[in-house]
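Q: The primary structure of each chain is shown beneath.
There are 2 protein chains.
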Amino acid sequence: MILDLKARPLDMETGRNIVVLHEDDAKELGLYASDRAKLATPKATLVAITDTTTRMVRSGEIGTFAEVTKALDVNAGDVISVTPVPRPQSIDFIKKKMDGQQLTDKEVYAIVDDIVAGNLSYGEMTAFVTAQYVRDMTMSEIVALTRRMVESGDRLELEVSPVLDVHSIGGVPGNKYALVTVPIVAAAGLIVPKTSSRAITSAAGTADIMEVLANVSMSIGEIKSIVQKVGAVLAWGGAVRLAPADDIIIGVERPLGIDPRCQLLASVMSKKIAAGIDHLLIDIPAGPGAKVETIEGARDLAHDFMNLGHMLNVRVETAITYGGQPVGYAVGPALEAREALETLLGKGPGSLIEKATSLAGIMLEFGGVASPGMGRQMACDILNSGKAYQKMREIIGAQGGNPDVKPEDIPIGKSETVLAPYDGYITNIDNQRIVAIARAAGAPRDKGAGLKIILKKGHKVNKGEPLFEIYAEREKKLSDALALTKRRPPIKIESMLLEKLTHRPLAG
Amino acid sequence: MILDLKARPLDMETGRNIVVLHEDDAKELGLYASDRAKLATPKATLVAITDTTTRMVRSGEIGTFAEVTKALDVNAGDVISVTPVPRPQSIDFIKKKMDGQQLTDKEVYAIVDDIVAGNLSYGEMTAFVTAQYVRDMTMSEIVALTRRMVESGDRLELEVSPVLDVHSIGGVPGNKYALVTVPIVAAAGLIVPKTSSRAITSAAGTADIMEVLANVSMSIGEIKSIVQKVGAVLAWGGAVRLAPADDIIIGVERPLGIDPRCQLLASVMSKKIAAGIDHLLIDIPAGPGAKVETIEGARDLAHDFMNLGHMLNVRVETAITYGGQPVGYAVGPALEAREALETLLGKGPGSLIEKATSLAGIMLEFGGVASPGMGRQMACDILNSGKAYQKMREIIGAQGGNPDVKPEDIPIGKSETVLAPYDGYITNIDNQRIVAIARAAGAPRDKGAGLKIILKKGHKVNKGEPLFEIYAEREKKLSDALALTKRRPPIKIESMLLEKLTHRPLAG
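Here the protein sequences come in this chain order: Y and P.
Using my numbering, you'd call the opening residue of the first sequence number 1 and step up by one each time.
Using my numbering, you'd call the opening residue of the second sequence number 1 and step up by one each time.
Check each hint, because a few of them may be wrong.
Stated by the list, open to error - Only some residues are given here: those of chain Y computed to face chain P with a beta carbon under 10 Å:
1. 13
2. 56
3. 60
4. 87
5. 92
6. 125
7. 133
8. 254
9. 372
10. 373
11. 436
None of these hints come from the bench; they were simulated from the model.
The structure displayed is predicted, hence computed values, not measured ones.
Built from N, CA and C at the ideal position, the CB exists for glycine as well.
Next up, chain Y with everything else stripped away, as it sits in the complex (with noise of 0.2 Å):
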């Protein structure tokens, strides 16, 4: 069955092949919405998936979303042949992993080139992260699956080894460590090529912290040259085709909320083995609040990360970190900017600079440059001796930054100071709440934006005293995160309570 339908281009852009059939033509294909038709012109074939109208596009025509009509070059009025094409084969797959049954390989295969292809609706792939996280996978479908993921993309090859990374699983506001961490390892001759993400809901991404003091959107080739010539980069993913189906897969996982174990091991350990990593450490940080809440939690993710790796051939250790409240006090682009440039200067802050050398130390030890035992030691030396702001300058000035800027030139927003209402204790400080604010007053995307904690858990506070500033490079910004700092203050302080418990003598 053939319809020769005349091409409407749609001003509408989605990603995927869609085209927009009439209900009368459909039904003459015998397709309905969400089946799938091969488009033929003179010139060029695809495979699109069908929607179907009674009103948008008249019978005799085809509506042809942007993807499509760039694909197959087509002008108003040009025919295109319609024929119908069964379903993949991997919706049955997906339907496999619903049934509860293991996948083989080749069928895993079949799933993630289909999503990479475009040849998966948005629903079908839903249907698949739906069941990944209903019927979870065992580790053989993971190692299918990370390897295929792999396969389906780019890789940045450097021909040495080994090549290390850190890579956090987030949930923790104020992650800023790897701007630290990263040219400490670098600093003492290891190989770190460093790619990272924007936030997605988060209040900055590596790669946005990064943003404010260089350039992050390189191609490969600049990312190898840049790492040969001095040792590391900080770049942004998204700007690469490392792993693919990861981010399509994110934009799928996203609006239901789930982000199943399965695929999360996935998507890190292809995103790394595309960049070429064979030596990697996963920090997880666990804490009420965090992605990982609790310590049983972390040791069963860091598990599960080190038996992935050893069954496709990547060295991961695991760090397990306090995720329960900031890392450091900045959180927001350019304040997280700000607060890694004075760490690497020698002014920072405690757990920041705990953090990052407690990191540092366990990948020189991992890379072999230090001892066991003595690698957070020659992180702290190399952090105090000025050498890991060297190599910062050096990194900074290879991906066409300004290598001699000041923590005090990087441009912030206008602040607000926030004081305590009452005498207490600040017994809790909220991750969520904390990023709700920083992004209600504009961060990521104004990366002046964000906030600054001033005391943090465990303090003793006065009524009157400041708690934090908020930061917004607009007006609107600031006065909306004072709101909704009113209405959901993130910061908790008690008084009588924690005071009691503190001078109770212990029972028993």
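Since the structure of chain Y is already known, use the hints to place chain P on it.
A: Same frame as chain Y, now just chain P:
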């Protein structure tokens, strides 16, 4: 956070409220694809699902799909105030179902309400049916689901009892029994307001067949007055808003090829309760190639239907019928309408007479007009007396058709006969291949298209004898259907093997 954007109506319709924001504005609002935003104009407000783009609309503009343009009554350039809206809570309940937990009535209600209001994206609804498929639902969840699906639409209220209906869960071609069963039952004085669907994946739904004889698109008021006049109707359910959630959910299930048991139960029952039915006969065709393949599977489903009916105050009986090959000989709207009329005129095929009178018999006993065990005989008497035909004439007339129509008056397509390629016994007729050929010939859209089987299972056939005829309204369709027949022959003829088996003495 509010942004005032200029409306840019887009020529797109999807049945849901969708707007497209430029990525910069979306970022500013903290919105991603598939999030939700409140749209406000001086005249109206509504909640829409947001999509993002870098090209379709400029920053400062908001692309409005047809549904939104209409609901807000905006023109290009009108200002719409956009505020992010938290995800509906029903997504948490969908996630709870994914986690395998039982939902409360209120949680089920929230999901149904959000589906009907258009508050859930296609992906979120897919996650729901996937969770239903994987986790199933308890009877009390199904009761809540059915109840809310009924409440979310219009209702047909006849203020009499019993009100009967018969519903076949489908999957067998040529299933035109309702056009015989309904007039038999109505001729006995019972009330049968039958609503039915058009073909989705089959060659002819009851509504498609009846449409050959009369109008089937009627309002609830029209259905009511026809039933009050002649005791029965054969209407298309899609023209009225009975349990509209069902239609939306079907659109989500179909592309995935899943039909979760719990949703099937709720769908059928909600449509029937909304139509005022209090005595429902469920026909479950069972056999290879039917929706339910085994008798055991059919029995389980039958019990589920009866339990659900019990909890919703609907008396349910079930009949398991033979679904291993087509019912009667004709497949396709006009051919089936002819065969149904012929049957009412006393010249029908045995399998159709048997099925139609068996089901009618159960309904006659069920409705209290036949003594237990006597229904089938009464049904045959009514059919043979011509009273069922007279009732069908009344129904056709009431629905605006020509009551005097003769089977041979009904226009059908041009035909081509398919011959037996060799001698043997017909050991199988493949339901799915039969449907595929009828659809290739143009059914259900071309009413005169389809096929007519000449010899059914068990018959001996000689090479060159006619097996079946294909009918089509268009040359091209006829040759398409013949080509498909060659590629995938629907009728299996076996010689040696079956004869051997037949003549072999029983072992043991």
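Q: Now, for every hint given, state plainly whether the structure supports it.
A: Status of each hint after checking the structure:
Against a cut-off of 10 Å between C-beta atoms, the interface hint on residue 13 of chain Y holds, since the closest Cβ of chain P lies about 6 Å away. The beta carbon of residue 56 of chain Y comes within 5 Å of a beta carbon in chain P, closer than 10 Å, and the hint placing it at the interface holds. Interface hint at residue 60 of chain Y: violated, since its Cβ lies 15 Å from the closest Cβ of chain P, which is beyond the 10 Å cut-off. Below 10 Å, beta-carbon pairs count as interface contacts, and residue 87 of chain Y has one with chain P at about 7 Å; its hint therefore holds.
Contact between residue 92 of chain Y and chain P, as hinted, is supported at the beta carbon level, the nearest pair being about 8 Å apart and thus within 10 Å. With a least beta-carbon distance of about 8 Å to chain P, the hint placing residue 125 of chain Y at the interface is held under the 10 Å criterion. At a threshold of 10 Å, the smallest CB-CB gap from residue 133 of chain Y to chain P is about 6 Å, leaving the interface hint in force. Satisfaction of the interface hint for residue 254 of chain Y is found here, the shortest Cβ-Cβ separation to chain P being roughly 6 Å, below the 10 Å cut-off.
Because the beta carbon of residue 372 of chain Y sits about 42 Å from the nearest beta carbon in chain P, more than 10 Å, this interface hint is broken. Hint on residue 373 of chain Y is violated. Least Cβ distance to chain P is approximately 43 Å, over the 10 Å limit. Interface restraint check for residue 436 of chain Y: the shortest CB-CB distance to chain P comes to about 9 Å, inside 10 Å, so the restraint holds.
Checked against the numbered hints listed earlier, the structure breaks hints 3, 9, 10; every other hint is satisfied.
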